[in-house]
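Residue-level listing of the chains:
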Amino acid sequence: MTKLSPQTLLGSLPTSFETGPEWLRALRGRAAATLREQGLPTKRTEAWRFTPVRSVANAEFSPEQGSAPSLTSPVPEGVTARSLRQVLEAEPTLLEGRLDLGGPPTHFAALNTALFSDGLWIDVPAGVAIETPIELVHAIPTSSERGVAYPRVLITVADGAELTLIETYAGEDAGQLTNSVLEVDLGRNAKMSHARVHENAGLQVGRVDVRQDADSNYRSTVVTLGGALLRFDVRCLLQGKGAECQLDGAYLIDGEDLVDHHTLVEHQASHCRSRQSYRGIVSGNGTAVFDGIVVVHRDAQKTEAHQENRNLLLSETATVHTKPHLEIDADDVVCSHGVTVGSLDEDQLFYLRARGIPEDLAHSMLTYAFLESIVEGVSHEPTRARLREALLTRIPHGDRVRGFT
Amino acid sequence: MLKIEDLHVEVDGKPILKGINLEVEAGQVHAIMGPNGSGKSTLAYVLAGRDGYEVTKGRVLYKGQDLLEMAPEIRAAGGLFLGFQYPVAIPGVSNIYFLKAALNAIRKHRGEDPLDAIDFMKLSKEKAALVQLPDELTKRSVNDGFSGGEKKRNEIFQMAILEPSLAVLDETDSGLDIDALKVVAEGVNSLRGPERAMLVITHYQRLLDYIVPDVVHVLIDGQIVRTGDKDLAKQLEKEGYAEVRDAQPL
Numbered sequence: 003m004t005k006l007s008p009q010t011l012l013g014s015l016p017t018s019f020e021t022g023p024e025w026l027r028a029l030r031g032r033a034a035a036t037l038r039e040q041g042l043p044t045k046r047t048e049a050w051r052f053t054p055v056r057s058v059a060n061a062e063f064s065p066e067q068g069s070a071p072s073l074t075s076p077v078p079e080g081v082t083a084r085s086l087r088q089v090l091e092a093e094p095t096l097l098e099g100r101l102d103l104g105g106p107p108t109h110f111a112a113l114n115t116a117l118f119s120d121g122l123w124i125d126v127p128a129g130v131a132i133e134t135p136i137e138l139v140h141a142i143p144t145s146s147e148r149g150v151a152y153p154r155v156l157i158t159v160a161d162g163a164e165l166t167l168i169e170t171y172a173g174e175d176a177g178q179l180t181n182s183v184l185e186v187d188l189g190r191n192a193k194m195s196h197a198r199v200h201e202n203a204g205l206q207v208g209r210v211d212v213r214q215d216a217d218s219n220y221r222s223t224v225v226t227l228g229g230a231l232l233r234f235d236v237r238c239l240l241q242g243k244g245a246e247c248q249l250d251g252a253y254l255i256d257g258e259d260l261v262d263h264h265t266l267v268e269h270q271a272s273h274c275r276s277r278q279s280y281r282g283i284v285s286g287n288g289t290a291v292f293d294g295i296v297v298v299h300r301d302a303q304k305t306e307a308h309q310e311n312r313n314l315l316l317s318e319t320a321t322v323h324t325k326p327h328l329e330i331d332a333d334d335v336v337c338s339h340g341v342t343v344g345s346l347d348e349d350q351l352f353y354l355r356a357r358g359i360p361e362d363l364a365h366s367m368l369t370y371a372f373l374e375s376i377v378e379g380v381s382h383e384p385t386r387a388r389l390r391e392a393l394l395t396r397i398p399h400g401d402r403v404r405g406f407t
Numbered sequence: 003m004l005k006i007e008d009l010h011v012e013v014d015g016k017p018i019l020k021g022i023n024l025e026v027e028a029g030q031v032h033a034i035m036g037p038n039g040s041g042k043s044t045l046a047y048v049l050a051g052r053d054g055y056e057v058t059k060g061r062v063l064y065k066g067q068d069l070l071e072m073a074p075e076i077r078a079a080g081g082l083f084l085g086f087q088y089p090v091a092i093p094g095v096s097n098i099y100f101l102k103a104a105l106n107a108i109r110k111h112r113g114e115d116p117l118d119a120i121d122f123m124k125l126s127k128e129k130a131a132l133v134q135l136p137d138e139l140t141k142r143s144v145n146d147g148f149s150g151g152e153k154k155r156n157e158i159f160q161m162a163i164l165e166p167s168l169a170v171l172d173e174t175d176s177g178l179d180i181d182a183l184k185v186v187a188e189g190v191n192s193l194r195g196p197e198r199a200m201l202v203i204t205h206y207q208r209l210l211d212y213i214v215p216d217v218v219h220v221l222i223d224g225q226i227v228r229t230g231d232k233d234l235a236k237q238l239e240k241e242g243y244a245e246v247r248d249a250q251p252l
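Protein sequence lines correspond, in order, to chains P and G.
Numbering of the first sequence is given in our numbering, commencing with residue 3 and proceeding in unit increments.
Numbering of the second sequence is given in our numbering, commencing with residue 3 and proceeding in unit increments.
No lab work stands behind these hints, which were simulated from the structure alone.
Beta carbons: idealized from backbone N, C-alpha and C, even for Gly.
Wrong hints could be hidden among the right ones.
[Claimed, not checked] Within a straight-line C-alpha distance of at most 20 Å, the following computed DMTMM-like cross-link-like pairs (lysine to aspartate or glutamate) qualify: (1) Lys141(G) / Glu383(P); (2) Lys110(G) / Glu383(P); (3) Lys153(G) / Asp347(P); (4) Lys141(G) / Glu378(P); (5) Lys153(G) / Glu378(P).
[To be verified] Here are some, though not all, of the chain G residues that point toward chain P, as calculated from beta-carbon distances under 7 Å: (6) Ala50; (7) Arg52; (8) Gly80; (9) Val95; (10) Gly113.
[Unchecked claim] Chain P residues, not near chain G, derived (Cβ > 10 Å throughout): (11) Ser18; (12) Asp102; (13) Leu156; (14) His308; (15) Gly340; (16) Asp349; (17) Gln350; (18) Tyr353; (19) Leu354; (20) Met367; (21) Ser375; (22) Ser381.
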């Protein structure tokens, strides 16, 4: 491959798409057209007003050299994991209609759609229940040049099938941009447990789109341990009756870092349940953004939807912007949302100190416990242990808490 | 052990304790009885060092030292224990490791080596049996999902592990049925000894049938209005606080 000179993100869009099946060329063409028309988000873009990406939009990146995520676990029997590029070359019809994010993508998702060169398709056929997790690592290497990666993953879990997926986004280089899209299709009665760990030092924009058929169950735990700038959108479309999703998140923000979570849960069918719990600790000059929307469509009677965002502020200069909201068009529903932004619980602190635990250790214990309750939801024990350890290395005086967990 | 001299305490500018005098010797069990709002819990919290209680007058000496100057954890390390009326739940912090942290912080303060995991588990098993606290509860998050009785047993379990010199038990009987009360009282009684003092705060005489005090004080409207032996508690039970309230302070 010839070495191309660095370009801005929009500047790297080709004028026409010449390779791949016709439907993909059309999909990429529409994404590129949307981008040319709308550009990348600015401060005036409502969903991005706390998350400035102008410097990203203006920066020049060396072109992507192919950034398929690596499978770091064996693929269990009965499951197929294939390169998107290979499937698109050999059997493109298998993917037709499955990479379109359920509608015209905008901004970074459009950029990924237009420019991803490879990726992964994991397919779990009907009735296949996989207990051992599939592990993916998206690592962006350190480089003297600013690079960009467009990981693209498609997960299809057919009727009655089950999958556990563990994703890790890694990379030490703060200058690199990872712009990922992961789509999930859950069939009837399908089940997926999804843990996603962000420990990338660089810029990250990620989107997860989940489409759920009747009685399916999707559970995600997103743990963000670092990143200069992270924007993560997760959208769950509950399309079949009785579908359930649980979206949990934990974030630790320090220094000048900014972490922005957007969630959208659409209750399109009746008897669906959704739960969201996002918790974060913000210190230094860090900024946390949480924006969660639950939409209950008119026919989605007997909906149960709960949403919670809790934040601990550990410094005077830390900032939290949080906005959970509900849009309800059905009348027979149980919905709730709640937000807290504050410091540690005084009653708990006093209880620990009254038992002889020094104040700083009591702080660390409660800080750890605050996020641990999210990590606890990760079903895969080794991953849970790794995340606990990661929390301990990052919270103040965490090493002192280690002996007591 | 404990000497309280003319203690005045305000909460949000409102006087709650209005000149408490009290002296507890090692080996003694004192009961403080009083109706709701008399200042019983305030006294307990002031002794343990909770924020929000302003001492406007008087002093408290603990083992000859100024107790009110000390941070809560220093008081605990010095052997003061507060059994909470409403023990708080702490999801995510396991009971057993919290207690190990507490015990080892106290041991460190005393210049003793920390207890290792094996010795601690042995100690924990022994003390849990004392208050019939199921093994499963010792491993759960602190007080998380515990019933009222389990919380109170957990308090006495902690006290048994920490072996304080002075235990202040704030309404340890509230919310307990008679069987649970007996278990808790037995736990407390087993910890009585010549080196240890206890201040048992209660609304009802019932607890004092099982934890028999050496001295009984009656606290009304922020002042100790009567002091006597265990029979005073029985008299209170019969006549009620109203009768005692009308009596002149001693």
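Hint check:
1. Lys141(G) / Glu383(P): Holds - the C-alpha atoms of Glu383(P) and Lys141(G) are around 18 Å apart, at most 20 Å.
2. Lys110(G) / Glu383(P): 33 Å, violated
3. Lys153(G) / Asp347(P): Roughly 19 Å separates the two Cα atoms, so the pair holds.
4. Lys141(G) / Glu378(P): 15 Å, holds
5. Lys153(G) / Glu378(P): 24 Å, violated
6. Ala50: Given a least distance of 5 Å, the restraint on Ala50(G) holds.
7. Arg52: Holds - the Cβ of Arg52(G) comes within 7 Å of chain P, reaching about 5 Å at its closest.
8. Gly80: 9 Å, violated
9. Val95: Hint on Val95(G): holds, closest Cβ of chain P at ~5 Å, below 7 Å.
10. Gly113: Status violated, d = 14 Å.
11. Ser18: 55 Å, holds
12. Asp102: Per Cβ check, Asp102(P) is outside 10 Å of chain G; nearest 41 Å; holds.
13. Leu156: 36 Å, holds
14. His308: Per Cβ check, His308(P) is outside 10 Å of chain G; nearest 17 Å; holds.
15. Gly340: 16 Å, holds
16. Asp349: 5 Å, violated
17. Gln350: Answer for Gln350(P): violated, closest chain G Cβ roughly 5 Å.
18. Tyr353: 5 Å, violated
19. Leu354: 7 Å, violated
20. Met367: Met367(P) is in fact no farther than 10 Å from some Cβ atom of chain G, at 6 Å.
21. Ser375: 5 Å, violated
22. Ser381: 18 Å, holds
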